[in-house]
Each structure stands twice: as C-alpha cells, then as structure tokens.
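The opening residue of the sequence shown carries number 1 in our numbering; numbering runs sequentially from there.
Please note: incorrect hints may appear among the correct ones.
As the list claims (entries may be wrong) - FRET-style restraints, in silico, Cβ to Cβ:
1. V44 x A2: 17 to 23 Å
2. G19 x N48: 26 to 32 Å
3. F38 x Y8: 14 to 20 Å
4. D41 x W7: 18 to 24 Å
5. T4 x A27: 27 to 33 Å
6. G24 x H49: 28 to 34 Å
7. S26 x N48: 30 to 36 Å
8. H49 x P28: 27 to 33 Å
If you're looking for bench data, these hints aren't it; they were derived computationally from the structure. Ideal Cβ placement from N, Cα and C applies to all residues, glycine included.
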Amino acid sequence: MAATQPWYKYVGLDGKVIGIDTFGASAPASEVIEHYGFTVDNIVNTVNHL
1 MAATQPWYKY VGLDGKVIGI DTFGASAPAS EVIEHYGFTV DNIVNTVNHL
C-alpha cells in the first residue's frame, strides 16, 4: 500500500492506480484494507476494466 501519485508516470493518465493518499485510518487491518480497496475482488475488477 502506497501513495498513488508517483505511479502515474508508469501507468499514464488512463491507467489505474490502487493506493492510499490519506493518513489516519484506524481500525482492524481487514477493515482498513477493504475500505481502501485492497481486496482481491476490487483488484481483479480494476484490472479487467483496463
């Protein structure tokens, strides 16, 4: 999990980046991961829509 901004130089403006651009989330890890979209379903869905 990382900031998204640096990745756009690799994926371009039409690419997709899954990351975190905020601070301060506090919850069990599984809830934070789901909240930010780091789930298998979300990543597969994102890749399939490229």
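Evaluation of the provided hints:
At roughly 20 Å, the beta carbons of V44 and A2 sit within the given window of 17 to 23 Å. For G19 and N48, the Cβ-Cβ distance of about 19 Å falls outside the hinted range of 26 to 32 Å, so the restraint is violated. For F38 and Y8, the Cβ-Cβ distance of about 18 Å falls inside the hinted range of 14 to 20 Å, so the restraint holds. At roughly 21 Å, the beta-carbon separation of D41 and W7 lies within the given 18 to 24 Å, and the hint holds.
Distance hint check for T4 and A27: the Cβ-Cβ separation is about 21 Å, which falls outside the suggested range of 27 to 33 Å. Checked against the hint of 28 to 34 Å, the C-beta distance between G24 and H49 comes to roughly 29 Å, which is consistent with it. At about 32 Å, the beta-carbon gap between S26 and N48 stays in the expected band of 30 to 36 Å. Separation of H49 from P28 is about 29 Å and conforms to the stated range, judged on CB atoms against 27 to 33 Å.
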